[in-house]
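Colleague: Okay, here's what each chain looks like letter by letter:
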Amino acid sequence: MKRRKFEMAAVPGNVARGVDDRFQVATPLRRLLNKVFPDHWSFLLGEIALFSFVILLLTGVFLTFFYEPAMTEVLYNGSYAPLRGTPMSAAYASSLDITFDVRGGLIMRQMHHWAALLFMAAIVVHMLRVFFTGAFRKPREANWIIGSLLFWVGFLAGFTGYSLPDDGLSGTGLRIASGIMLSIPVIGSWLTSSIFDGEFPGTIIISRFYIAHVLLIPGLLLALIGAHLGLVFKQKHTQWPGPGRTNDNVVGERMFPRYALKQGGFFMVVFGVVALMAGLFQINPIWLFGPYEAWVVSAASQPDWYVMFLDGSTRLMPAWEIYIPIGDGYVIPPLFWPTVVLPGVLVGMSVLYPFIEARRLKDYRHHNLLQRPRDVPARSGLGAMAVTFYLVLALSGANDVIADKFNISLNAMTWGGRIGLLLLPPLAYYVTYRICLGLQQHDREVLAHGVETGIIRRLPDGRFVEVHQPLHREDGELEYVGWVVPKKMNRLGALGPAIRGFFYPIEKPAEAPVSPAPPVDSETERSEITSGERR
Amino acid sequence: MTTTHPGNAGGDQPVDLDDPDLSRFDIVRAGAREDDIEIVHYEPQVVPGSKAERRLSRTVALFFLLTGASATAFLAIYIWWPWEYELGYGGDKWYTPLLGVTLGVSLLGIGFGILTWGKKLLPKEVSVQDRHEGEVNERDRTVTAQTMLYMADELGVKRRPLLGVSLLAGLAPVGAVAAAPLVGGLISQPHKNNQMFTTGFAPTEGGQKVRLVREDGRPIRPADISAGGQITVFPGIDHGVSNKYADSPALLIHLRDADAQEAREANVRIGHDDFMWGNFAAYSKICTHAGCPASLYEQQTNRLLCPCHQSQFLITDNAKPIFGPASRRLPQLPIVVDDEGYFVATSDYTETVGPDFWERP
Numbered sequence: 031m032k033r034r035k036f037e038m039a040a041v042p043g044n045v046a047r048g049v050d051d052r053f054q055v056a057t058p059l060r061r062l063l064n065k066v067f068p069d070h071w072s073f074l075l076g077e078i079a080l081f082s083f084v085i086l087l088l089t090g091v092f093l094t095f096f097y098e099p100a101m102t103e104v105l106y107n108g109s110y111a112p113l114r115g116t117p118m119s120a121a122y123a124s125s126l127d128i129t130f131d132v133r134g135g136l137i138m139r140q141m142h143h144w145a146a147l148l149f150m151a152a153i154v155v156h157m158l159r160v161f162f163t164g165a166f167r168k169p170r171e172a173n174w175i176i177g178s179l180l181f182w183v184g185f186l187a188g189f190t191g192y193s194l195p196d197d198g199l200s201g202t203g204l205r206i207a208s209g210i211m212l213s214i215p216v217i218g219s220w221l222t223s224s225i226f227d228g229e230f231p232g233t234i235i236i237s238r239f240y241i242a243h244v245l246l247i248p249g250l251l252l253a254l255i256g257a258h259l260g261l262v263f264k265q266k267h268t269q270w271p272g273p274g275r276t277n278d279n280v281v282g283e284r285m286f287p288r289y290a291l292k293q294g295g296f297f298m299v300v301f302g303v304v305a306l307m308a309g310l311f312q313i314n315p316i317w318l319f320g321p322y323e324a325w326v327v328s329a330a331s332q333p334d335w336y337v338m339f340l341d342g343s344t345r346l347m348p349a350w351e352i353y354i355p356i357g358d359g360y361v362i363p364p365l366f367w368p369t370v371v372l373p374g375v376l377v378g379m380s381v382l383y384p385f386i387e388a389r390r391l392k393d394y395r396h397h398n399l400l401q402r403p404r405d406v407p408a409r410s411g412l413g414a415m416a417v418t419f420y421l422v423l424a425l426s427g428a429n430d431v432i433a434d435k436f437n438i439s440l441n442a443m444t445w446g447g448r449i450g451l452l453l454l455p456p457l458a459y460y461v462t463y464r465i466c467l468g469l470q471q472h473d474r475e476v477l478a479h480g481v482e483t484g485i486i487r488r489l490p491d492g493r494f495v496e497v498h499q500p501l502h503r504e505d506g507e508l509e510y511v512g513w514v515v516p517k518k519m520n521r522l523g524a525l526g527p528a529i530r531g532f533f534y535p536i537e538k539p540a541e542a543p544v545s546p547a548p549p550v551d552s553e554t555e556r557s558e559i560t561s562g563e564r565r
Numbered sequence: 262m263t264t265t266h267p268g269n270a271g272g273d274q275p276v277d278l279d280d281p282d283l284s285r286f287d288i289v290r291a292g293a294r295e296d297d298i299e300i301v302h303y304e305p306q307v308v309p310g311s312k313a314e315r316r317l318s319r320t321v322a323l324f325f326l327l328t329g330a331s332a333t334a335f336l337a338i339y340i341w342w343p344w345e346y347e348l349g350y351g352g353d354k355w356y357t358p359l360l361g362v363t364l365g366v367s368l369l370g371i372g373f374g375i376l377t378w379g380k381k382l383l384p385k386e387v388s389v390q391d392r393h394e395g396e397v398n399e400r401d402r403t404v405t406a407q408t409m410l411y412m413a414d415e416l417g418v419k420r421r422p423l424l425g426v427s428l429l430a431g432l433a434p435v436g437a438v439a440a441a442p443l444v445g446g447l448i449s450q451p452h453k454n455n456q457m458f459t460t461g462f463a464p465t466e467g468g469q470k471v472r473l474v475r476e477d478g479r480p481i482r483p484a485d486i487s488a489g490g491q492i493t494v495f496p497g498i499d500h501g502v503s504n505k506y507a508d509s510p511a512l513l514i515h516l517r518d519a520d521a522q523e524a525r526e527a528n529v530r531i532g533h534d535d536f537m538w539g540n541f542a543a544y545s546k547i548c549t550h551a552g553c554p555a556s557l558y559e560q561q562t563n564r565l566l567c568p569c570h571q572s573q574f575l576i577t578d579n580a581k582p583i584f585g586p587a588s589r590r591l592p593q594l595p596i597v598v599d600d601e602g603y604f605v606a607t608s609d610y611t612e613t614v615g616p617d618f619w620e621r622p
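Chains C and D, in that order, are what the protein sequence lines are. With the working numbering, letter number 290 in the first sequence gets 320, and the count goes up by one each step, no holes. With the working numbering, letter number 14 in the second sequence gets 275, and the count goes up by one each step, no holes.
If you're looking for bench data, these hints aren't it; they were derived computationally from the structure. Even glycine gets a Cβ: it sits at the ideal position worked out from N, Cα and C. Among the clues, some could well be false.
[Stated by the list, open to error] Just a few of them, taken from the derived set where beta-carbon distance is under 7 angstroms, the chain D residues facing chain C:
| # | residue |
| --- | --- |
| 1 | Y346 |
| 2 | G379 |
| 3 | E386 |
| 4 | N504 |
| 5 | H533 |
| 6 | A587 |
[Claimed, not checked] Once the Cα atoms are required to be at most 25 angstroms apart in a straight line, the calculated BS3-like pairs of lysine-lysine come out as:
| # | chain 1 | residue 1 | chain 2 | residue 2 |
| --- | --- | --- | --- | --- |
| 7 | D | K354 | D | K312 |
| 8 | D | K354 | D | K380 |
| 9 | D | K505 | D | K470 |
| 10 | C | K435 | C | K168 |
| 11 | C | K292 | D | K312 |
| 12 | C | K292 | D | K385 |
| 13 | D | K312 | D | K419 |
| 14 | D | K312 | D | K385 |
| 15 | D | K453 | D | K385 |
| 16 | C | K264 | C | K168 |
| 17 | D | K380 | C | K292 |
| 18 | D | K381 | C | K292 |
Whenever a hint applies, use it, and build me the whole structure from the sequences.
Modeller: Laid out in structure tokens, this is it:
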């Protein structure tokens, strides 16, 4: 019997045909491959958070193979000599084992911790980008809310995570957390007792935190991230204004191959940076802290950075206890306000902000074009106010270290923080507002009068004037369209090419800071792509 | 085979896929148009076969080879480098940094290789896609709304109100059933055995007073602490020095004469006449603010500072909070020296130890 010749080259085609016969994927796949993404460096910040999350999942799974979530008391007998023979919880002992007795365990632990810090940092910076550029406006309010929740769920993930080693520092954090829960009026003692199964610390909290940290919270994060990305995909990304960009189109690159390659490369870079940090910079050296003992603490006990602002608010809070003289009397401790009420207010404000702004401006239209922060001074001012508020709190969270290093009175630091928290945010609002107006003014001025040339001309009557290069024809007029206005002559190509290159000059003119946009050289293309209204 | 483009945005001619003159890019462009995408600008960045292309290819290849070398180095270090912990400055201290550098470089190598490939070697393009979100299909809205309303009609909840009411009445307990094991399993009475108001210093059931002991369990004589000194003390009971009695630890302070006199007078003012023994006073170490150990004692000012949130307590004034967020003084442990010359607690703390809560008073 003659065997049919096997054609290697036909295999992919046959397989593809077979798959499409069964699943009809050709059309949706083409749509996916073709999807257009706008590009700008500031759109990559959220991706750092996404990539950090992937690293967290990978390294976290590794850690679970060796970690023992139990508070059973054991005598440490591992490689780290200074703690040998010390009674400690099994959780702390197994964390030490990951550090010293699992080959490569320390770098995995440090990658996990650094990735967690980066995850939260990227979320915050991404959130600032979205806020200051107005990307949260209709139709993207839901995604803004999901993003705000992601911060707080990430916060919980971080807190439960760094509590797990059960070392001296994290135990103190847990103690404070129990104090915070206790401070909630009416239900505080019941809540704390239920979570810790009795009095602090009890014997079960680590096991409960463990399942929350490895299953419940990551599950929630995964669901929220999925929804977040799904909405970005469905609603299409926002874009900056610019030539050819309208509220009704997306100008950018198709997703495959170039855009996807850049994403993949960026992921590897983030991964690599986390690996470098994990190898070179020590983070959370739990072996130096010793096991958690309720009576031991050292100065400079600071939580991870994203918790520090709440530590600061707790430090700044005056000792205002509210006593309610009913029956035997009840109290609302001062701890309640900065640690329970403040985060609640912050969540509420961030979640509601898109709706408040829309209502205030009576603006219920769809917005797919971003705004430069200078064009919306009130919002930018509010943002600056929030950032300042946050910074004062975060710095106050480290006020003992600052007081120590700079030889300042600790009490003066506390009072400075209290006063600063009230004075600086309004000041930041005012300054930001004025800066925004100034920048706007300058943009308009350049559009109307042209770019400064640096050429000073003396007039016959002795006066000196600077020559400006107008951006429009003599009788023309230019309108501001919400994008960068060239302000230097070499942005107009008027000067010779900037000379770049280290060893030898590369003759290449400096590029204007605009992301890819359709060229406007030929009339036909121009009419094709500028359909629709300009914002 | 011919594809047609009904309602195409560009309104261009259908593309004949069998046309031999058609390039692959033409098909791609035609396909993109079907998704309302116009590739308006497509420009190769390097001329095929040019010097620039060869140079860039070499760069990308170099990055990938760097990755390979670095990853190999990682494996070699992982396997052969001495990694087991030793005291002092051994080679093992370099294990993690070396792993980090080799892993980091290998990942950065892939990253930059891919980025260079994508950003420099692939053609630059600008595509424009329509969003289509402004076009609301009122017809679809109406049809969907009517379909859903019709579903409600079919169910007939409006005509048969009994069904709705009984369904709700039936489902509510089912919801409670789902929550019951969770709430019932987790809930724990906070005042079991009066646990929030007692510590390990409470006299034993036989009325035996509890000794103050050090961290190693040895009892303490007055002579053990010099004037101005202080020591953390624990209840001398089973597991007294452990987190099981996290609320018990106290700070035993030997005050100097003048300070002791002041502290005694302050004690008398609030009816704690015999809480001190000689110049010795013991105060709970657990901060009344958030529960950290308030353990930084400043001899000169007789202040006790909690390092977590900087609450400061004045020992010579019944450990009253004088700065920071704490609103309640540290509970004092009444102490005395027993027949054998060791410190004992005459009773438990008379105030609640630890962070404040709603029903504390």
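Colleague: Among the hints numbered above, which are violated by the structure, and what are their numbers in rising order?
Modeller: 5, 7, 8, 10, 13 and 15
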